[in-house]
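96 is the number that the numbering used here gives to position 96 of the sequence shown; each next residue is one higher, with no gaps.
For the record, the hints were derived by calculation from the structure and aren't laboratory data.
Any given hint might turn out to be false.
[Stated by the list, open to error] No farther apart than 30 Å at their CA atoms in a straight line, the calculated lysine-lysine pairs in the DSS-like style are these:
1) Lys302 x Lys164
2) Lys242 x Lys231
3) Lys78 x Lys25
4) Lys253 x Lys180
In this text the structure is predicted, and so the values were computed from the model without any measurement.
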Amino acid sequence: MAENRRAVIIGAGIGGITTAVYLAKNGYTVEIYEKNSAPGGRSGQIIREGHRFDLGATMLLMPGIYRQVFDSLGVELKEGRDIIALEDLYKIYFDDETNIAFTTDTERMKMQLESIEPGSFEKSMEYVSEGYEIFQIGIKKLIGRNFYNLFQLVNLKNIGLLIKLKTYFSNWSYARKFFKHPHLLMAYTFQNIYVGQSPITSPALFSMVPAAELTEGSFFPKGGMFAIVEKLAHTAESSGVKFHFNNPVSEIKISGKRAEYVVLSDGTEVKADIILANADLPYVYRELLPDKRISARLDRMKYSCSAICFHWGLDKVYPQLDHHNVFLSDELRQGLNHIFIDKSVSDHPSFYVHAPARTDPMAAPPNQDTLSVIVPAGHVDKTKNQDWDMIKKRTRKAVTERLKRFGIEDIEEHIKFEICHTPEDWESSCNISRGSVFGSLAHNIFQMGYFRPHNRHDRYNNLYFVGGSTHPGNGIPNVLLSAKLVAERILSGK
1 MAENRRAVII GAGIGGITTA VYLAKNGYTV EIYEKNSAPG GRSGQIIREG HRFDLGATML
61 LMPGIYRQVF DSLGVELKEG RDIIALEDLY KIYFDDETNI AFTTDTERMK MQLESIEPGS
121 FEKSMEYVSE GYEIFQIGIK KLIGRNFYNL FQLVNLKNIG LLIKLKTYFS NWSYARKFFK
181 HPHLLMAYTF QNIYVGQSPI TSPALFSMVP AAELTEGSFF PKGGMFAIVE KLAHTAESSG
241 VKFHFNNPVS EIKISGKRAE YVVLSDGTEV KADIILANAD LPYVYRELLP DKRISARLDR
301 MKYSCSAICF HWGLDKVYPQ LDHHNVFLSD ELRQGLNHIF IDKSVSDHPS FYVHAPARTD
361 PMAAPPNQDT LSVIVPAGHV DKTKNQDWDM IKKRTRKAVT ERLKRFGIED IEEHIKFEIC
421 HTPEDWESSC NISRGSVFGS LAHNIFQMGY FRPHNRHDRY NNLYFVGGST HPGNGIPNVL
481 LSAKLVAERI LSGK
């Protein structure tokens with residue numbers, strides 16, 4: 001037990017709160033300083049006029065990772081009480097007005113797939129089986145472990161591992177071995193966007209995402225995804241962790257090979273034995289630390305995409321929408337180029353609609369609806385001519401026009417209020433570099449494992465990092481693992 005040792009955490013995101021619980025349960029005095037007025041960071045929540053919106057993730061995926069971390073903290077996460085299993089993960093709508101429900105009902109899935117492409121059901125089972133094997137190997141060998149030196153990743157034994165993990169060709173190319181119909185190709189690869197990646201260029205390793213969805217299922221917490229934040233924050237407080245909201249950190253002061261204290265925006269100095277940054281890692285190096293050389297190197301790395309999010313409080317219910325709805329454009333490939341090359345949004349974007357009141361009626365007032373529309377977009381790029389106000393208006397029009405073709409013709413007449421976040425908003429509200437809301441740094445084999453920015457500073461041995469921009473990567477399951485892994489490093493002194 002680390003009695004009388006003090007830890008200061010910068011940021012009350014899921015990674016920071018989870019690590020705080022690990023440390024507090026091992027004897028640390030822990031204080032968290034958060035720039036905003038509530039916990040959660042990108043996984044925050046807005047409630048307005050009885051409408052509840054999750055700002056970040058809207059699906060609880062990879063429940064095995066949640067249970068692993070929660071069990072290790074003594075936190076209960078019971079199916080039926082805390083989280084609700086969804087039979088239909090989401091419904092996918094195509095431009096020709098056909099659709100497919102990604103469902104755990106095998107017979108329904110078979111019927112749908114065979115009607116689109118005969119023989120595709122068996123191929124889909126093979127794709128999912130191989131993808132889930134990649135997921136299990138990846139968790140054990142790459143994602144769910146710490147790397148203390150380069151040769152733990154780069155060695156002769158791991159050449160076979162990198163081949164097994166399908167890191168050497170794209171997810172799109174890999175999926176084409178299983179599916180010929182363009183709708184199925186899109187349906188089994190678009191999930192790369194969950195971590196801000198393009199299926200055209202991201203490694204086939206990420207076939208593990210739809211595979212894990214279809215194998216382990218998708219869940220929705222009662223109270224929305226923010227309920228996960230609340231559960232962790234309550235556990236932290238009951239373990240003695242102190243939260244300081246509206247208290248941004250402006251600097252990490254260094255002395256020799258140690259981070260001595262943090263400086264708050266009002267000039268207050270807070271000393272600690274351990275300093276853990278849950279803020280966006282490139283932001284920490286650029287704004288809070290003195291070493292601009294590392295910051296410049298991080299700026300040269302590849303960044304994930306962003307999103308334009310519209311949150312609508314409606315005075316009418318649209319029952320034709322399921323809980324999770326994905327509208328995929330036939331121009332998906334061109335749309336991805338607009339996002340990842342042009343750093344913009346296409347005129348015919350693919351997008352996602354979240355209707356949480358389908359599962360949790362408390363998400364909206366009676367006979368009203370709560371909808372969130374998430375449109376993947378390019379990240380902020382100062383070298384591009386980006387007019388985000390214009391892009392937002394054009395994107396909103398494209399979304400409403402697509403919904404009208406779907407049969408929701410009067411939606412604009414029933415929007416009581418709208419809350420919108422653009423990449424620029426994400427950059428300013430959460431200090432996310434380039435507004436890359438899925439987790440700033442992208443995933444490729446040279447930005448994963450030991451090659452991803454480390455969760456301990458290479459020079460300042462009591463300064464650690466947690467969150468989507470460090471190891472193992474983006475997405476709440478990875479952030480939970482990030483907290484577990486950095487806590488292991490702190491408690492072991494490695």
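Verification of the supplied hints:
no.: 1; hint: Lys302 x Lys164; result: 24 Å, holds
no.: 2; hint: Lys242 x Lys231; result: 15 Å, holds
no.: 3; hint: Lys78 x Lys25; result: 22 Å, holds
no.: 4; hint: Lys253 x Lys180; result: 56 Å, violated
Comparing the model with each numbered hint stated earlier shows that hint 4 is the single one that does not hold.
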